[in-house]
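Each chain, letter by letter, is given below.
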Amino acid sequence: MSGTRPTTDLAVLTPAADRLARAVEAERSGGGFALRLRARHGVWLGIAFLLAAGAAEAQIGPLPDQGVFATLWRWIPFLLKGFTLNLIISFGAMAIGTALGAVLGLAQISLLPPVRVGSWIATQFFRNSPWLVLLFAIMLLFPYEIRIGDAIIPIPDWVKAVIGFSLPIMANISEVVRGAVQSIPSGQWESAESLAFSRRQTLWMIILPQCIKRMIPPWMNWYAILTMATPLASILGVEEAVNLTQQALVAEDSRTELLAPFYLFLLIIFFLYCYPIARLTQRLERRFTVKN
Amino acid sequence: MGASAGWTADQPIVAIKDVHKSFGALKVLEGVTIDVAKGEVICIIGPSGSGKSTLLRCINALIPIDGGSIKVEGQEVRDPALDKLELRKKVGMVFQQYNLFPHKTALENVMMAPIHVLKQDRIEVETRAYALMAKVRLEGKEGSYPGELSGGQQQRVAIARSLAMNPDIMLFDEVTAALDPETVKEVLVTIRDLAEEGMTCLLVTHEMGFAREIADHIYFTDRGVIVEHGPPATFFTEASDPRTREFLSQIL
Amino acid sequence: MDAVYEWFRWLYDQHGINLVIFYEPYERERFVSGLMTTIYLSLACLFFSFIIGVVGAWLQGSRLRFTRQIVQGYIQFFRNTPPLIQLYFFYFALGVYTPSYDAGGWREPIIGSFGWAVISLSFFAGAFNVEIFRAGIEAVPSATIEAAESLGYSRLKTYIHVVLPLAFRVSLPALNNNLVNLVKTTTLAYAIAVPEMMYTANQIWSDNVNVPEMMVVLFLVYIVLVGLLVWGMHRWERAIRIPGYGA
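Residue numbers (this note's numbering), protein chains in the order written: chain F, 1 to 292; chain R, 1 to 252; chain Z, 1 to 247.
What the hints contain is simulated information worked out from the structure, not anything from laboratory work. Cβ atoms here follow ideal geometry from the backbone N, Cα and C, with glycine treated the same way. Be careful, since some hints might not be right.
For each label pair, taking beta carbons as the anchor points, the in silico distance ranges come out as [as the list claims (entries may be wrong)]: (1) F:I109 x R:D83: 17 to 25 Å; (2) R:L118 x Z:V224: 52 to 60 Å; (3) R:R122 x Z:Q69: 39 to 47 Å; (4) R:G31 x F:W120: 38 to 46 Å; (5) Z:R241 x R:R223: 28 to 36 Å; (6) Z:R107 x F:W120: 46 to 54 Å; (7) F:L280 x Z:M1: 25 to 33 Å.
Each computed DSBU-like pair below joins lysine-lysine, with the alpha-carbon atoms no more than 30 Å apart [what the hints assert, rightly or not]: (8) R:K104 x R:K71; (9) R:K17 x R:K90; (10) R:K141 x F:K213; (11) R:K71 x R:K90; (12) F:K213 x R:K17; (13) R:K71 x R:K84; (14) R:K119 x R:K71; (15) R:K71 x F:K213; (16) R:K38 x R:K104.
Sequences and hints are given; from them, build the entire structure.
So this is what it looks like as structure tokens:
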């Protein structure tokens, strides 16, 4: 985006349009808009939750059996245990995806055509594939146990889910890295080169240190998106929060009045986790804004 | 790699001969020939788009040339066997946009290349760096980051940074064009000191007064060719080519 | 055409690569119907999320603080919670309360799984669209609006003839991003048994035990679909670009 400065003196529109265009570029590589959040939305959610649960309660009427709130209260530890698996999957996938994505991103700016083209293909492939399809592919095609020497190591489902999620993250982080490197002004490359720095020295000592700051907000944004994608693993049987919720509902004889409160509870715990991350991302983005 | 075997100080230190360069269909340099003797100060002037900045970048192999030859201390720049990094240790370049490394202090900017490229001892480099900062009249600003310095100060740090590599030749690409008029002077004074110490300098510049003052030879380029050249004494007053006269009348 | 199909049967017989969706008409129809469902789902969500975006952006400019807060609440809720759980919430929690009609012996809810998928995903994508439209509208400088009004345009006419064309051009790249994501997100509908491409592919490989082949086909089709979309959108963006405006 830098370098395409508009060339008209009528450019009244351009600063805002420019910002939006840059935001789009950032979004495409960073995964989502910078958010404007209000704390009171937690309050709204809480109210919605209470209303839903209350309405559900009202529908049952006086029952000898346990009320909606009590039922939910009983199940909360169980559901939270599932939620921790979501978090573990998100940490694992983010760690692996970031490591691989950094390598892939640097490969995309390699001077060797086969490396550059190959990494571009890999990035585009994993970036444009639906996450659920990738998850299915890994879950179904990955062996359920591997043999190393004499030992047979079973690979649990959630590990396969971590691998499945790390692939799109890898591709998107690759784009974040590539975008960050390409956003460093070419003058930096020129002056480093004219000081007889090799390309590797230039990249590691001058370009990449300047990239770190501008990569953090999109990186955090992708983490939030990843966390909100982990429930997909429930479709494939991984026993995380959504899956356990469904098990709980079945255990409670699938009472219809429990559906809204239980799912709303799920929505709320995810919101309470992802919202502060989004808030922090937005603050860091403001702080690290590149003044070109 | 020192100077090429056979090069002696009486031969041109930079010999540019009939250089051609095109970017796609756009011909930027069409047969440029300049000889620079050791210790000479050359100023290249001309309208924008005349290829001046490209020419400088061809000398230190930032941009490859399509035709002709450039010899730096006898070493052919176009030679595929040339070690570009070795060449750039001898040719220092200062840019219009300073291009300091924003994540390092001024002193670190000056010290980085000698330590990591020349592999010199850190203490020695630090001492020399302090000396260079004093030479460009920036004592006390060693710990400042580029963002904290004015344009003129940043440009002087950039000059110090290039000098830290002990080059034989310094290239200046319109180094004052992005500066406020007040700060232009401090940079020009620094360059003049360098020239008076005997550094071979090639300057692309718009500062006609400065060119007249320090240049040994002035070249006027337009659309990729050298239209006219001469020592400042005669160049400004007895320019013969109409293009030269038109350009001079517009700026002077 | 039959010759092409028969080649795939040969491929299976000779090399064991079972691309049954080509040589078996029943499976072929299933797959194509899955593909069409994905496309219909994408189009329906595109349409409704667009409307939600326009309405939401308009409401966000309201003078009433309450309205603005409601819209903000909607946006933040749908952008900070997992779309799959939103889908389950709509389909299971809300779906249970929808009235049903007599469909010849059993009761069918009036909103089926496809309908709920459209509703849920539209609200999800709509939340992003509201921000995009708002940004686009705010990119039009008030000076331009004033100029239009001083030429005699009514507020509505200004909106239609001056603001929206400019806002649209500014918003288009972001909207296209959203559209691409939408197509990928339609796979979520699998979870509530909407017979889109992911679902039918699953059925096919369950019946024919050709998971690797179907996976490859699935990837290729999605990538081609997304690729076509991106290419088409780029062409459109370039076609309506105003020289000198925007970035």
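Here's how the hints hold up against the structure:
no.: 1; hint: F:I109 x R:D83: 17 to 25 Å; result: 23 Å, holds
no.: 2; hint: R:L118 x Z:V224: 52 to 60 Å; result: 53 Å, holds
no.: 3; hint: R:R122 x Z:Q69: 39 to 47 Å; result: 59 Å, violated
no.: 4; hint: R:G31 x F:W120: 38 to 46 Å; result: 39 Å, holds
no.: 5; hint: Z:R241 x R:R223: 28 to 36 Å; result: 32 Å, holds
no.: 6; hint: Z:R107 x F:W120: 46 to 54 Å; result: 53 Å, holds
no.: 7; hint: F:L280 x Z:M1: 25 to 33 Å; result: 56 Å, violated
no.: 8; hint: R:K104 x R:K71; result: 34 Å, violated
no.: 9; hint: R:K17 x R:K90; result: 20 Å, holds
no.: 10; hint: R:K141 x F:K213; result: 25 Å, holds
no.: 11; hint: R:K71 x R:K90; result: 13 Å, holds
no.: 12; hint: F:K213 x R:K17; result: 46 Å, violated
no.: 13; hint: R:K71 x R:K84; result: 13 Å, holds
no.: 14; hint: R:K119 x R:K71; result: 26 Å, holds
no.: 15; hint: R:K71 x F:K213; result: 42 Å, violated
no.: 16; hint: R:K38 x R:K104; result: 33 Å, violated
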